[in-house]
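Given the sequences, and given the hints that come with them, work out the whole structure.
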Amino acid sequence: QVQLQESGPGLVNPSQTLSLTCTVSGGSISNGGYYWSWIRQHPGKGLEWIGNIYFGGSTYYNPSLKSRVTISIDTSKNQFSLKLTYVTAADTAMYFCARLGEGPKSSSIDFWGQGTLVAVSS
Amino acid sequence: DIVMTQSPLFLPVTPGEPASISCRSSQSLLHANGYNYLDWYLQKPGQSPQLLIYLASNRASGVPDRFSGSGSGTDFTLKISRVEAEDVGVYYCMQSVQTPLTFGPGTKLEIK
Numbered sequence: 737q738v739q740l741q742e743s744g745p746g747l748v749n750p751s752q753t754l755s756l757t758c759t760v761s762g763g764s765i766s767n768g769g770y771y772w773s774w775i776r777q778h779p780g781k782g783l784e785w786i787g788n789i790y791f792g793g794s795t796y797y798n799p800s801l802k803s804r805v806t807i808s809i810d811t812s813k814n815q816f817s818l819k820l821t822y823v824t825a826a827d828t829a830m831y832f833c834a835r836l837g838e839g840p841k842s843s844s845i846d847f848w849g850q851g852t853l854v855a856v857s858s
Numbered sequence: 026d027i028v029m030t031q032s033p034l035f036l037p038v039t040p041g042e043p044a045s046i047s048c049r050s051s052q053s054l055l056h057a058n059g060y061n062y063l064d065w066y067l068q069k070p071g072q073s074p075q076l077l078i079y080l081a082s083n084r085a086s087g088v089p090d091r092f093s094g095s096g097s098g099t100d101f102t103l104k105i106s107r108v109e110a111e112d113v114g115v116y117y118c119m120q121s122v123q124t125p126l127t128f129g130p131g132t133k134l135e136i137k
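For the record, the sequence lines run as chains A and B.
Sequential numbering from 737 applies to the first sequence in this note's numbering.
Sequential numbering from 26 applies to the second sequence in this note's numbering.
If a hint is listed, it holds; no wrong ones were tucked in.
For each label pair, taking beta carbons as the anchor points, the in silico distance ranges come out as:
#: 1; chain 1: B; residue 1: E109; chain 2: A; residue 2: N767; range: 32 to 40 Å
#: 2; chain 1: B; residue 1: E135; chain 2: A; residue 2: S755; range: 34 to 42 Å
#: 3; chain 1: B; residue 1: A110; chain 2: A; residue 2: S755; range: 38 to 46 Å
Source of the hints: derived by calculation from the structure; they are not laboratory data.
Being a predicted model, the structure only gives us computed values, none of them experimental.
Heads up, the beta-carbon is just placed ideally off N, CA and C, and yes, glycines get one too.
Right, here's the structure in full:
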């Protein structure tokens, strides 16, 4: 059973960089067949896809965040990471990491982390 | 971006009664390969979302058969044949036919 666990600071100062890491267990991030994703949920609101990375390093970002987002992958640690620069209060949200299928018959998010709440405040 | 809409946004249901949620997309989710790239997720209170239905009509592993999905193109429906207390939460549809992936606003199901 694949498990994902987010980690990182719960509080970030405005204009600074939000950095989160997702550790994957129960399966290798290098196996292929999946995108590794970041999704966020503003308090009491819906879900917003931030972006994906494939084990080979290919990335896909939401255009609304693209100028501030970097997703990277460390296959040796079975981890992938999110960096979001120049954060504001509008970036306060629950951040989920997740696994998204890559094939034509498996394009769904089948595993999610428990989420980590990040507040942007001074 | 493909805009996803859902109705109703709030759904009070009596246990044992059926429930239905509609999801519409601003563009067709039918790929040239014949698959509709529409999923349904349930986010129970205090939990991460969980996959219920993928490719519009396929139940995910472990999902009770009282859940069913249908539709094609731009109109989709999630049906619960007999609602149980454990079905409370927010139901989201999501499209993955193109990036950015986008979600519907959610439908909150509550037990009467």
